[in-house]
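Enquirer: Here the protein sequences come in this chain order: W and E. Using the numbering used here, you'd call the opening residue of the first sequence number 36 and step up by one each time. Using the numbering used here, you'd call the opening residue of the second sequence number 287 and step up by one each time.
Bear in mind the hints are in silico, worked out from the structure with no lab data behind them. Treat the hints loosely; a few may be bogus.
Straight-line distance between alpha carbons at most 30 Å, and here's what the computed DSS-like set of lysine-lysine pairs gives [stated by the list, open to error]:
{"hint": "1", "chain 1": "W", "residue 1": "114", "chain 2": "E", "residue 2": "530"}
{"hint": "2", "chain 1": "E", "residue 1": "514", "chain 2": "E", "residue 2": "530"}
{"hint": "3", "chain 1": "E", "residue 1": "720", "chain 2": "E", "residue 2": "530"}
{"hint": "4", "chain 1": "E", "residue 1": "504", "chain 2": "W", "residue 2": "114"}
{"hint": "5", "chain 1": "E", "residue 1": "688", "chain 2": "E", "residue 2": "720"}
{"hint": "6", "chain 1": "E", "residue 1": "514", "chain 2": "E", "residue 2": "504"}
If you want a taste of the chain W side facing chain E, the calculated C-beta under 7 Å gives, among others [stated by the list, open to error]:
{"hint": "7", "residue": "151"}
{"hint": "8", "residue": "153"}
{"hint": "9", "residue": "159"}
{"hint": "10", "residue": "166"}
{"hint": "11", "residue": "167"}
{"hint": "12", "residue": "170"}
{"hint": "13", "residue": "174"}
{"hint": "14", "residue": "183"}
{"hint": "15", "residue": "188"}
C-beta atoms are modelled at their ideal positions from N, C-alpha and C, and glycine is treated no differently.
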Amino acid sequence: MGGAVPIFLGSTRRSREPRRPLQILTNDEFAIFAAAAARLGPSALDTPGWPSTGTLECAEKVDGIMAGLHPRAAAEFRKLLHVFENTATGLFSIGSASTFTASSAADQDRRLNAWRRSRVAAFRSGYQAMKRLTHATYYSSTETYALVGYPGPPVVPQVPA
Amino acid sequence: MVLAPGRIRDARQEPNLATECDFCVVGSGAGGSMAAAVLAEAGARVTVVEEGGHFTRRDFNMQESWAFPALYQDHGNRATEDLSITIFQGRTVGGGTTVNWGSSFRTPDSTLTLWARQHAVVGLDAATLAPHFQSVEQRLSIGEGTPDDVNANNRKLLEGGQKLGWQPALIRRSVKGCARLGYCHMGCPVDAKQSAALTYLPDALAAGATVFTNARAKLVETDRGRAKGVVCEVRGSDGDPTSKRRFVVYARRGVVLAGGAINTPALLLRSKIGSGSLVGRRTFLHPSVPLVAFYDEPIEAFYGVPQSVACHHFADRGERVGYFLETVPVHPMLAAVALPGFGAAHQDLMRRLAHAQATIALLIDGHHDDPGGRVSASVDERIRLSYPLSLALREAAGDAIKNMARLQLAAGAREVLTLHEEPVAIRSEADLSKLDDVVFGPNRHAVFSAHQMGGCRMGEDPAHAVVNSRGRHHDMENLWIVDGSVFPTSLGVNPQLSIYAHARLFAQAIAAQG
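Modelling step: build the complete structure from the supplied sequences, incorporating the hints.
Expert: Written out as structure tokens, the structure is:
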């Protein structure tokens, strides 16, 4: 996504505040990723018993992952979030000139699908970055193990010292 | 056997910012540990610098959320620059051997012959390597696979392959007293897998070597055409990449690089050693294309020996790129990352996790006209890897998916699913034609690599190779490379045993010359 400078930023709607101090992301960037993660992750509202990406603090965990990466990689990810959020992207992707965070759930899914299937390779890369980070942080959480039929790690046999 | 206490030192705790030795070895995986052991046992003072941390079986908690950030490059997030190929590469004491599945194959004769004929590699034939393979096989307890090693995930590959006459075979593994838990790639919690951290590194330590952990090799320092030492950057605590504290290892006799394909060429590029037109080129990945099948009965591919069966029926396809088939374990995080879609559709696939079987096709790149990928190290020092999937590789991926689907149906799968972002579902032989039109391209289909090779290829012609056939750099007589980056092509088999054996041969030559 390098080089793409967002022009039409719009204002980011913050659906929730981070539950711990952020290391890399700004509050707006946090809100953008949290909103994307809420759509990328399981449909918590429709499936009782499944924790939401917010409950499992996926966005907070992604902020922690970014803190461990090369600063240039983290900067590229932050830039990606701004491109994904801005109104021009909405117009270009799905014909709706609103920010991602201010869009309806249906329009958010449309924008994600537009990037997922895009002929623009950089959009597909951007979608994959957000998708993989969401699913990695969500499904590596022990709270989800039973929901997917995974009993968790077995008991380790004793090893002689 | 555990690592001798007090001789593995955390660079973050070291007050002295310089040390001296005969040989500085960069990396503690298969190549680095072997070189360190051979050189130290020959009487040299050896210092090993390792970018990752030192973890033991007590740390290996079998949780993906811990293992990938702690044990893998880029905290488990390494990928090609367009994110189209996910790269799994170890970054810890023991390197890739700490996180691999222990699968052990000798370098195929056909690959050695190709290197001799097309890449001017001299004196590397099966007979020359045989004593080195034998020695490593003994040290790592590499033995024949047994039927008890085959879990349900691998049994589908075995049975499906047998039904189709494709001659799948059990894999030899580097284990001793395996508990068949299923978590080799998160570090063996019972020390059954004979990783470098349990074998050649303790050998090196017993012979007097020192290992510094959390020390990332930043530059090879040179002086008048000779390698003088290695400048390391000490990693910050808890993964903070911004520490700028330097740590210098001066090497009186020479520097031995074993950071693995990707890191070794990047180190040479940052150090401006050798020709930029060669270093980092021809990087090969065995690009791996997965296919998931769902069965009525539970497969529980998260338990049992992760990889115990391989099928090389399609390794030689003549003028077309070959491939071989293996399995991968199916734990929640990796499965979630690989499975396509999002929201409820993705969630539905995840609910079927316990019934999922995963077969992969590893494309044998570099044996035809495919040029592989390219490693570059930019000014800001972030390593970049580009790897366009050539038409020849795409053809192989398409053929492999069709044959994997055939195999899984033969093994009784209810449904086979491609990992395209627009997945294709196969429920019978009649559905296979649906695969004729599937599109391969960046981020349209899951592709990953656990085998990185090339980038500093060997050969006797300095115009076409970075090092000679014994790993010595063509432009610098006291600089050697002993990792998988020297391979002129991919191997066509899992690489750990080949890296160990080549490193042993090369290290003995270094000890004799250095």
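Enquirer: Now look at each hint and say whether the structure bears it out.
Expert: Verification of the supplied hints:
1. 114(W) with 530(E): Within the cut-off at roughly 25 Å; holds.
2. 514(E) with 530(E): 21 Å, holds
3. 720(E) with 530(E): Since the Cα atoms of residue 720(E) and residue 530(E) sit roughly 54 Å apart, the hinted pair is violated (cutoff 30 Å).
4. 504(E) with 114(W): 27 Å, holds
5. 688(E) with 720(E): 10 Å, holds
6. 514(E) with 504(E): With Cα atoms ~14 Å apart, residue 514(E) and residue 504(E) stay inside 30 Å; holds.
7. 151: At 6 Å from the nearest chain E Cβ, residue 151(W) passes the 7 Å test, so the hint holds.
8. 153: 9 Å, violated
9. 159: 4 Å, holds
10. 166: 6 Å, holds
11. 167: Holds, about 5 Å.
12. 170: Holds: closest Cβ of chain E sits about 4 Å from residue 170(W), inside 7 Å.
13. 174: Holds, about 4 Å.
14. 183: 4 Å, holds
15. 188: Residue 188(W) check passes; min Cβ-Cβ to chain E is 4 Å, inside 7 Å.
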